[in-house]
Amino acid sequence: MAPDSDSKDDVASKIARDRSPSFPFISLKAAVDRLVALEGKFGRHPAPAEKVGLAWSMKEKSSQAFQTLAALKAYGLVEYQGSNKDRQAMLTDDARTYLRAQQQEIKAGVLKSCALRPKALATYWKQWGADRPIDEVCLDQLVIKDGFTQSAAATFLRVYDDTIDFAGLSGGDGETRIGDKDDALVAETNREDSSDRQVKIGDFVCWELNGVIQFAAKRVVGLSPDGMFAFVEGSSTGLSIKELIVVSAPPNAPSGAHPSPPSPPPGAGLKQDTFSLDEGTVVLQWPSSLSQESYDDFKDWIDLQLRKIKRSIQ
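Position one of the sequence shown corresponds to residue 1 (the UniProt record's numbering), numbered consecutively onward.
In short, the hints are calculated from the structure, not lab data.
Please note that a few of the clues may not be correct.
In silico SDA-like cross-links for lysine to any residue, where the CA-CA straight-line distance does not exceed 25 Å [said to hold, decoys possible]:
#, residue 1, residue 2
1, 59, 37
2, 51, 81
3, 59, 40
4, 242, 100
5, 41, 107
6, 271, 291
7, 271, 289
8, 200, 81
9, 126, 162
10, 299, 287
11, 119, 103
12, 107, 169
I would like the entire structure built from these sequences, with the hints used as guidance.
Set out below in structure tokens:
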């Protein structure tokens, strides 16, 4: 029922990085396959997050490996311990139950629970159920109303259909819903102690939100005064330290001095504008409301600054 799309994980992972609502970029069936491979490679021992790609024939520390791991976490199949370079992935109780259980009824129960753990899947399951509207109607809702990109919407429908079918929810079990217990589990696995984080200016990080990697490696160019938020190159938005994963620098990363961190947002009653030059960024702040006299004084001051700046031209 879903639109045709490339089934390769590397293509899907690029789509999942679009700035759309977060959802796992692979279906629950694919996630279970990755779970089996993960246990086959690392056994019952915690798997270093930087090396999980080895279980899936992916490069170590690659964004694709981190996205796959994030998808398993979104379904509640793995949980994290430690942070940054010491982060490890451990199988959850549900994952161990699924892998060890001999009775199909037990396995089926785990799948039903995991299928609706990702917030996006639970949300649209409540709206659509097993017999969702036709593709065209769903795509219009996802793109026009809910902020998905066209490619991400098509991928989400494929993930939704495959997951609902694999979990055995397509038989019309309209009462199956994500419950308070599952909500608490998602919140708990997403919550980490920020005091263990040591993100530094110059580090390359991936941003994980709701179990989905939002972008590939970007350099940290600034930190908030309280150390709770980081700024990355190309964006003036502060990202929670708790949602960042330190990764290796990409092969094509430029060397040399780090870019200057973004300036803090203007305070109440102020306006701000920025202008980018080859040598750096010019930042100007001024009161939202000015009298004519203050405007004249401000203009004179700007003229003075321009004369001083002109003397710096080389």
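Now the hints, each set against the structure:
With a CA separation close to 15 Å, the supplied pair residue 59 and residue 37 stays within the 25 Å bound. For the hint pairing residue 51 with residue 81, the CA-to-CA distance comes to about 15 Å; that is within 25 Å, so the pair holds. Restraint check for residue 59 and residue 40: satisfied, since their Cα atoms lie roughly 17 Å apart, inside the 25 Å limit. The straight-line distance between the Cα atoms of residue 242 and residue 100 is roughly 32 Å, outside the 25 Å bound, and the hint therefore fails.
With a C-alpha separation of about 22 Å, the suggested pair residue 41 and residue 107 falls inside the 25 Å cut-off, and the hint holds. Restraint check for residue 271 and residue 291: satisfied, since their Cα atoms lie roughly 15 Å apart, inside the 25 Å limit. Straight-line distance between C-alpha atoms of residue 271 and residue 289 comes to about 9 Å, which keeps the hinted pair within the 25 Å bound. Among the hinted pairs, residue 200 with residue 81 is consistent with the structure: their alpha-carbon atoms are about 20 Å apart, no more than 25 Å.
Taking the CA atoms of residue 126 and residue 162, the gap is near 17 Å; set against the 25 Å cutoff, the hint holds. A C-alpha spacing of about 13 Å is found between residue 299 and residue 287, which places the hinted pair at or below 25 Å, so the restraint holds. For the hint linking residue 119 to residue 103, the alpha-carbon distance of about 28 Å lies beyond 25 Å, and the restraint is violated. Straight-line distance between C-alpha atoms of residue 107 and residue 169 comes to about 13 Å, which keeps the hinted pair within the 25 Å bound.
Hint compliance for this structure: hints 4, 11 are not met, and every other hint is.
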